[in-house]
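Q: Chains as they are written, first to last, in this note's numbering: chain D, 1 to 211; chain U, 1001 to 1211; chain S, 2001 to 2211; chain A, 3001 to 3211.
Don't take every hint at face value.
What the hints assert, rightly or not - DSBU-like, lysine-lysine: derived pairs with alpha carbons at most 30 Å apart: (1) S/Lys2143 x A/Lys3119; (2) D/Lys114 x U/Lys1114; (3) D/Lys119 x D/Lys143.
To be verified - Derived coverage of chain U by chain D (criterion: at least 3 residues anywhere in the stretch with Cβ under 8 Å from a Cβ of chain D; other residues may be distant): (4) 1057-1064; (5) 1144-1150; (6) 1154-1167; (7) 1175-1186.
These are computed hints drawn from the structure, not numbers from a lab.
Owing to the predicted nature of the structure, the values given are computational and were not obtained by experimental measurement.
Even for Gly, the Cβ is constructed at its ideal location relative to N, Cα and C.
Protein chains: 4
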Amino acid sequence: MSAATAPLKPRKSPIQDRSAATVEALHAATIQVLIREGLGRCTTTRIAARAGTSVGSLYQYYPNRDALLAAILTRHLESVADTVERTCREHHGAPVPRAAASLVSGFLAAKLSKPAESKALYAVAEGRGGAVLVARLRERMIKAVAAMLESAPDAHFDDPVMTATIALSALMGPVRTLLEGRAPPGFEACLEEQLTLLLTAYFQAHRAGAK
Amino acid sequence: MSAATAPLKPRKSPIQDRSAATVEALHAATIQVLIREGLGRCTTTRIAARAGTSVGSLYQYYPNRDALLAAILTRHLESVADTVERTCREHHGAPVPRAAASLVSGFLAAKLSKPAESKALYAVAEGRGGAVLVARLRERMIKAVAAMLESAPDAHFDDPVMTATIALSALMGPVRTLLEGRAPPGFEACLEEQLTLLLTAYFQAHRAGAK
Amino acid sequence: MSAATAPLKPRKSPIQDRSAATVEALHAATIQVLIREGLGRCTTTRIAARAGTSVGSLYQYYPNRDALLAAILTRHLESVADTVERTCREHHGAPVPRAAASLVSGFLAAKLSKPAESKALYAVAEGRGGAVLVARLRERMIKAVAAMLESAPDAHFDDPVMTATIALSALMGPVRTLLEGRAPPGFEACLEEQLTLLLTAYFQAHRAGAK
Amino acid sequence: MSAATAPLKPRKSPIQDRSAATVEALHAATIQVLIREGLGRCTTTRIAARAGTSVGSLYQYYPNRDALLAAILTRHLESVADTVERTCREHHGAPVPRAAASLVSGFLAAKLSKPAESKALYAVAEGRGGAVLVARLRERMIKAVAAMLESAPDAHFDDPVMTATIALSALMGPVRTLLEGRAPPGFEACLEEQLTLLLTAYFQAHRAGAK
DNA sequence: CATGAATGAGTCTTCATTCAT
DNA sequence: GATGAATGAAGACTCATTCAT
């Protein structure tokens, strides 16, 4: 994710079977290198080597290194966004406590299912290209959460989008703290409970008639 | 912040005036380059040039590039931690709503006083050396917040460190969202109010006898 | 046209129609890519793509990239040489003024009929393999011109080959200037007239008995 | 000389003595590599190696390979242009035969003093960046020649710039033929005489009252 | 001490060519 | 025969770091 204006879209979609395998290997390899070596040492050479192919093949499918990283990041972010959207849809009309609990549980499940990957991708998200992707996917999630909030029977939100933005960001903070290691022991254990408490309390502060 | 094992401490303390001035210039230059060019293009040459000295001088004060970046990051994080500590000390014994409001206001003031710098340093914090610093300073803040929470007359916290960790992290999330741009319009305007609401509600959910 | 020792002859003669069509497509594509992208970006992949075939097919007809380029260049140079030869043959025995005018007009017609192509091929001719081809074809033209000069009734040339060489080269200079762009406005308009004047004057300086 | 828009100007002028030596070595090395290996194999690595320095040093003085090549080409073209300009200035007011003879002799001296270098630079001049330089310098020479022609007492030129353009280009053709090798034996020997004859005849065809 | 020239390992990226399908 | 995926050598360029002046 450096600067400059270059296409970040994949180059071509695999036609033959070999291709699909190569692309899959590249993805897996990228994540592994990212985890084991960090973004700084996540070079095309290393990726290709770990994937068991050649740099040339990498460039057959991605116009440059950043496009590959962007693809990986997109995949991850979309899976999280999908989970959140699904959760929100399923809890349309649910009362605040259940809505909050589900949102937390869905988000955590998505983010913590592959913790190493999630953690490694923070560095990718930091890059220029990453910020755009993060923003795009965040928007999707905010919309979904806001819609769920609006449909809650036991609270009224004057600015659901704002509330959703705060809520989601507030969720991301602790998750990041956890993933980046260095969290106090037992942190993960009560994370879900505490985050549910956090959001429930926050949402309920908007209880109909409150304020 | 790449890998390798090298000393990250400045080489000598600025005893003389000239030294202090040079170091100051280097710090300022580093931040400017970081903001204008990004971590990737924040090279020793560019830093020295903007600081009005030479690479040679840079290496007189820092054993390597990462040490310089670490110094900058440390400075920033410590200023934030200091603010948080001071705030917590000053509100020892304060009731939850005032404690929450002060914490939010202090943290925001520290983080948003130089937004560009805060934003740029995210990238530095991502690096190997950065994670350690972030963790260290976070711990200091957590202790301070936990102490304040314990002293609150209107609530009882079974695990104040845990609560403080969640609370601080929950603060960092939205702030990062804001700094990384792409936040909805009007986000900054109500950030303080919403975060205060968030923390107050969260802390009050621990009200004595609650649960 | 890089170095190395490799056969520069086409691999097989297009006996079948499909072959002929493919070869033709490759030729046309090569010229287009050459014009649009320059020699540096005139890659086998791009040529094949524009020709609507695959690299594999390209290598069915040419042992390597340089052979293809050589074929294109040869074709061009031969067409020019053919024109010059024909013109000289047709003006065997013509007096100097008419001979000069015809030579100029024939040469210009050949070189300027596809100006973009002519221009693009200069780069190809610069390459190792190109020099040989240029030399070979130049020789043919020199012979033709020399023969025409010798047959002129109104002049005598002590060294017709030398005179022909000078004359032809003197023609090529201005044409190159024109093709490479950057010629003064109106240059093309009077080129034929001026070149005719140039050669006529030069030839007539050899008028029988002159000097 | 590839495409793209990049600065072709040298990066910094040598301040220390070492620098000047390095730059000189780079120039000499570039010409040697160009002559011995051709433009295609004239890589930064090879240049640096032959110069006895490192690629890094090369990039200290030139922002990219093309800038170095452009510098070399400029040097050459300017020396030729200077010679031509001086010659023209010195023969201001000279009659056509002497003017022509001097022009030819000056041009040949400049172009043939380092034949290998002159030849090798044709390839450089072919590139994008080269064309501009060639055009610029050609213009200078044309102006000089045109001025000289206008001052000739024994001829009148309706369009001196046009005549100068033709004359110079007509000179360049045979010189290129010679430099590119493959010229008939004895070609070089009578080149000056023949070119003088060519230009004199051409110019005299414009004799006052002629036509 | 300050300077800035030199270094060269390490990046990304391209492209001619081969060969399995 | 045709296709296009795979290969990897080779090129341009950057940058942290050193060290002579």
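Q: Going through the numbered hints above, which ones does this structure break? Give me the numbers in ascending order.
A: 2, 4 and 5
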